[in-house]
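K.L.:
Sequence:
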Amino acid sequence: MKMRKYAALLLPLLLMLCSVNSFVAAAEPALTVTKSAAYATDCPANSNLIVALYQNERLVGTKIYIGTGTIQGNYTQDLEEALTHSDSIKTFLWDISTLTPLIPCFSSRIADLPEEPTEKPERVLTLFFSCTGNTHTLAEKIHTAAGGDMAEIIPAEPYTSADLNYNDNSCRANQELNSDARPAIEPLEVDVTQYDVILLGYPIWWGQCPPVVRTFLDSYDLSGKTILPFCTSGSTGISGSLSKIRELAPDSTVTDGFRGTSSTGTAQIDEWLRDNHFTEAVFMRMKLAAANGDIIVKLEQNNAAKNLAAMLPLDLNFSDYNNTEKIAYPPEEIDISNTTPGTAPKAGDLTIYAPWGNLALFYKDWSYSSSLIPLGRIESGAERIPALDGTIRAEAY
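Numbering-wise, the sequence shown is residues -26 to -1, 1 to 371 according to mature numbering (1 follows the signal peptide of the UniProt record, and there is no 0).
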């Protein structure tokens, strides 16, 4: 309480410093401000995230959020009344114990702030096949919008212009399509098993996806993955090719496709991603309500983590193991099927030890084990793990 009062007394000084842009970053926190909240990450102890609202440059409301690690300020709730009379916002992060500014002041008109962001899955792959470069260009734009990695499907025998002369029934492309061939492809430069979402791009050949794409679909186990197809075509739509993809990847979720060209704009790409719920694949978080404070875990986008999240809330009885980790046994076995095992855990990692079925929350680094399955990573409160003991409530966050 005294710390809050002290910070409040310093607020006029902080606002003055902010107004003259005198802040010099002394650490490496990061700040994100949206129309609904302010987020500061990697915050040291004694950090104060201060949100100030203005109307015609007159201060109409302030809120101070104190914390360590990740600090979230839901100012739309905490300053709801002031927000109705505000047109601009200033935020900054201050180490109140040393009177040290941690980030430069952020100032913006509220109307110019972005909407609340949703996080994309970490394991996203844009994978494409391109002969003339058009699909390659579109794939690069989609990769930029979606994030993640990008790789190319490369035929073992490259296609020549004569191979692609669709007006010649005897050309290679037509012969492969007519015979439902599976031409050889080079090994991919990425491990497809490591990705949850694949944005699969190709040119349309007579209304279908090219045979080399079929080779890819036949060659890799895509079970449990989400495939977002996209194509380039002058006039033919993508719908005719989707049935073949669904046929060859029956255990995958194949979304509606997108047809574009090398000149397609980012707005169209963003709309397609939103329409296919790409941005809804948000990270799950779990809160451990420990006696000495909350521990927030950012869960993986794998099947085991999703099954753990579906079991929440849980009461977990934690105990120390090997002076390295805290372990707890869920009341029911967590389904770990279709989840890639093996990890070298770092301090702050949440895993499941498959042979015993116990959760393992590490506070020290450990060596690689093929029996450990990664479930998540602590986002804040890692310093509280060594003292974790007894029954702890775990719930969605």
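Take the hints with a grain of salt, since some may be wrong.
Claimed, not checked - Under the rule of at most 20 Å between Cα atoms (straight-line distance), these lysine to aspartate or glutamate pairs were calculated in the EDC-like manner:
#, residue 1, residue 2
1, K320, D289
2, K64, D52
3, K218, D244
4, K9, E131
5, K9, E31
6, K320, E307
7, K280, D363
8, K261, D289
9, K218, E245
10, K272, D192
11, K37, E55
12, K218, D268
13, K37, D61
None of these hints come from the bench; they were simulated from the model. Everything numeric in this text was worked out from a predicted model, so none of it was measured.
K.L.:
Quick one: which hint numbers does this structure break? Sort them smallest to largest.
P.N.:
Of the numbered hints given earlier, those the structure breaks are 1, 3, 4, 6, 7, 9, 10, 12, listed in rising order.
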